[in-house]
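Engineer: Listed below, chain by chain, are the residues.
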Amino acid sequence: MLSKLRDPSEKTLAVMLLAPAFLLLLMIVVYPIGKLIYNSLYAVDKNGAFLGLQNYLDVLQDPLFWNATKNTLLITVITVPGALIAGLALAMLANLPFKRKWPVRLSLLLPWALPLSFAGLIFAWFFHTEYGVVNDVISRLGLQSEPTSWLLKPNWAFAAICLTVIWKTSSFMALILLAGLQMIPKSLYEAAEVDGASRWQQFWQITIPMLMPSIVVALIFRTITALQTFDIPYTMTRGGPGEATETLAMLIHKYTIDYSDISFGSTLAVFMFVISLFVTGFYLKQIGKNAA
Amino acid sequence: MLRWVAAGMVVVNGFFPAVWILFTSLKSEAELVQKPITWWPAKPMLDNYVRAFTDQPLLTYLKNSLLIACGATVLSLVVAAFAAYAIARLNLKRRQLILTCIVASSMFPLVTLLVPIFETMRTLGWLNTYIALILPYVVLNLPVCTLVLVSFFQSIPRDLENAAMIDGCTRMGALWQVVVPLAAPGVFTAGILAFVNSWDEFLLALSLNSSPAVRTLPVGIALYQGEFTFPWPIISAALIVAIVPVAILIALFQERVVGGLTQGGLKG
Numbered sequence: 001m002l003s004k005l006r007d008p009s010e011k012t013l014a015v016m017l018l019a020p021a022f023l024l025l026l027m028i029v030v031y032p033i034g035k036l037i038y039n040s041l042y043a044v045d046k047n048g049a050f051l052g053l054q055n056y057l058d059v060l061q062d063p064l065f066w067n068a069t070k071n072t073l074l075i076t077v078i079t080v081p082g083a084l085i086a087g088l089a090l091a092m093l094a095n096l097p098f099k100r101k102w103p104v105r106l107s108l109l110l111p112w113a114l115p116l117s118f119a120g121l122i123f124a125w126f127f128h129t130e131y132g133v134v135n136d137v138i139s140r141l142g143l144q145s146e147p148t149s150w151l152l153k154p155n156w157a158f159a160a161i162c163l164t165v166i167w168k169t170s171s172f173m174a175l176i177l178l179a180g181l182q183m184i185p186k187s188l189y190e191a192a193e194v195d196g197a198s199r200w201q202q203f204w205q206i207t208i209p210m211l212m213p214s215i216v217v218a219l220i221f222r223t224i225t226a227l228q229t230f231d232i233p234y235t236m237t238r239g240g241p242g243e244a245t246e247t248l249a250m251l252i253h254k255y256t257i258d259y260s261d262i263s264f265g266s267t268l269a270v271f272m273f274v275i276s277l278f279v280t281g282f283y284l285k286q287i288g289k290n291a292a
Numbered sequence: 293m294l295r296w297v298a299a300g301m302v303v304v305n306g307f308f309p310a311v312w313i314l315f316t317s318l319k320s321e322a323e324l325v326q327k328p329i330t331w332w333p334a335k336p337m338l339d340n341y342v343r344a345f346t347d348q349p350l351l352t353y354l355k356n357s358l359l360i361a362c363g364a365t366v367l368s369l370v371v372a373a374f375a376a377y378a379i380a381r382l383n384l385k386r387r388q389l390i391l392t393c394i395v396a397s398s399m400f401p402l403v404t405l406l407v408p409i410f411e412t413m414r415t416l417g418w419l420n421t422y423i424a425l426i427l428p429y430v431v432l433n434l435p436v437c438t439l440v441l442v443s444f445f446q447s448i449p450r451d452l453e454n455a456a457m458i459d460g461c462t463r464m465g466a467l468w469q470v471v472v473p474l475a476a477p478g479v480f481t482a483g484i485l486a487f488v489n490s491w492d493e494f495l496l497a498l499s500l501n502s503s504p505a506v507r508t509l510p511v512g513i514a515l516y517q518g519e520f521t522f523p524w525p526i527i528s529a530a531l532i533v534a535i536v537p538v539a540i541l542i543a544l545f546q547e548r549v550v551g552g553l554t555q556g557g558l559k560g
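Heads up: the protein sequence lines correspond to chains A and B, in order. For the first sequence, the tail end lands on 292 under our numbering, and the numbers increase by one without skipping. For the second sequence, the tail end lands on 560 under our numbering, and the numbers increase by one without skipping.
Just so you know, these hints were derived from the structure itself, not from any lab. Treat the hints with caution; some may be incorrect.
Quick list of the computed label-pair ranges, beta carbon to beta carbon [to be verified]: (1) B:455 with A:281: 46 to 56 angstroms; (2) A:31 with B:388: 20 to 30 angstroms; (3) A:103 with B:423: 35 to 45 angstroms; (4) A:278 with B:473: 38 to 48 angstroms.
List of simulated lysine to any residue pairs, SDA-like, C-alpha gap at most 25 angstroms [claimed, not checked]: (5) A:101 with A:86; (6) A:101 with A:35; (7) B:327 with A:35; (8) A:35 with B:392; (9) A:46 with B:417; (10) B:335 with A:129; (11) A:70 with A:163; (12) A:101 with B:417; (13) A:70 with A:53; (14) A:254 with A:154.
Just so you know, even glycine gets a beta-carbon here, dropped at the ideal spot from N, CA and C.
Please put together the full structure from these sequences, using the hints given.
Structural biologist: Here it is as structure tokens:
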């Protein structure tokens with residue numbers, strides 16, 4: 001037996017090595033998905049009776065659900081392209097031939113390593129009505145006479161949150177895109193130069209097509225995380241004013257943890273799961289089309 | 293000249309928030325409420341740092357974050373290294389499918405799993421313990437760690453291992469004496485990524501470990517409450533304390549971090 005452990009056959013070894021990973025996935029991913037669906041069909045908080053689709057109907061009639069879905073999709077639609085454009089700009093700037101590479105590289109890594117919740121706190125301070133640096137700069141430029149109450153008005157709060165998300169996520173985009181930029185052969189640009197192509201043409205004809213694989217990967221990652229947005233709105237506004245910046249993730253957290261309504265929280269989670277699947281599927285289909 | 297402007301823009305974008313928080317942390321409360329606001333601190337002082345540690349149990353949060361992040365990192369590396377070695381080296385029929393399963397687990401929105409994970413931990417009586425966060429964090433880190441390690445294992449020549457086995461090493465002996473030392477750089481890269489991921493996580497830490505004694509830094513600082521208003525200078529000092537360790541870590545090993553990130557990202 002001991003000798004078998006020391007020199008196991010290929011198959012035994014494979015099972016032994018893969019077991020921990022798959023046991024964890026079973027406990028933290030697979031079992032929870034099953035439990036989620038069970039929770040949504042039974043009154044787990046009360047008598048455990050079978051409810052059928054009652055929870056689902058309740059969710060569909062809950063205005064908070066529609067509000068949170070709208071906010072989540074809006075944040076995704078605004079911040080994903082926003083972060084892509086900002087990240088592409090940062091990557092192109094960082095790709096210039098600098099003598100010392102570390103200051104630029106560290107400037108891209110620092111926002112990536114910063115916890116989302118810290119970015120939320122820092123930007124909440126930036127957008128502070130009285131003492132925030134944003135209002136200070138806008139006032140000094142003479143663009144406003146009265147300070148804007150960024151986080152206290154629904155639309156301004158939403159804009160502030162989107163800006164924060166874009167700032168925080170664009171540097172990861174930039175790192176991925178920078179790696180893609182560095183793989184484009186210089187000779188392509190030299191050949192285009194000889195043919196008399198302008199910088200603008202080079203950008204659209206060489207850079208963007210060559211960068212496409214990196215862009216697609218970055219977009220998928222970013223969209224999946226954007227749909228889960230929680231930390232930044234939670235630390236900046238707690239979903240307020242009212243529910244103006246409440247996302248689906250925040251609603252799930254509120255029902256499950258604050259109200260201890262496991263059944264309703266689970267049903268919301270199933271909806272969110274379906275929305276994520278739908279969006280990811282849509283992406284993959286588009287990619288398939290582009291590749292064909 | 294153009295290059296200086298470009299570098300300046302990237303550096304300001306990356307550093308300005310942290311620098312602004314540093315300035316805020318050095319200002320007195322009186323200076324903070326001056327209008328118009330000052331940019332450079334007039335009389336830099338460290339009182340806010342002292343109060344960050346005395347008004348709130350910042351040291352406890354720091355300890356919790358360190359232990360949870362380190363525990364999750366070590367466990368992630370062990371689990372991922374096992375799986376990655378099997379995927380990279382053994383004669384598996386469904387190699388690609390296994391890798392896809394592990395990577396696809398990162399596609400599931402963590403928030404949707406929050407409810408059942410919360411229930412599980414409550415049933416096991418693990419709410420407000422380190423293990424309640426460490427286990428989900430390992431799953432969170434598994435895809436990127438596995439991807440980085442698979443490509444590292446694949447880059448180690450198989451002949452080296454075979455030679456050791458011909459010289460009388462057992463398979464496990466060859467793994468331990470040949471593969472592990474050679475894979476050390478990859479393990480290190482995956483480790484930094486896992487550490488930063490675990491250090492930054494907020495939603496689970498907020499939901500599963502709500503009691504102040506086991507709060508992590510992000511949760512502890514976000515739930516800081518002043519007597520009347522949100523104490524911005526003290527928050528800023530606490531943020532600086534929380535940011536500096538990770539900033540030093542990534543500054544020292546930036547090339548590795550970038551390499552690991554793009555490897556994990558581009559292959560995913």
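Engineer: Could you run down the list of hints and mark each one as holding or not?
Structural biologist: To see whether the hints hold, each was checked on the structure:
no.	hint	result
1	B:455 with A:281: 46 to 56 angstroms	holds, 48 angstroms
2	A:31 with B:388: 20 to 30 angstroms	holds, 25 angstroms
3	A:103 with B:423: 35 to 45 angstroms	holds, 40 angstroms
4	A:278 with B:473: 38 to 48 angstroms	holds, 47 angstroms
5	A:101 with A:86	holds, 20 angstroms
6	A:101 with A:35	violated, 49 angstroms
7	B:327 with A:35	violated, 55 angstroms
8	A:35 with B:392	holds, 23 angstroms
9	A:46 with B:417	holds, 21 angstroms
10	B:335 with A:129	holds, 24 angstroms
11	A:70 with A:163	holds, 18 angstroms
12	A:101 with B:417	violated, 49 angstroms
13	A:70 with A:53	holds, 23 angstroms
14	A:254 with A:154	holds, 20 angstroms
In this structure, the earlier hints numbered 6, 7 and 12 are contradicted, and the remaining ones agree with it.
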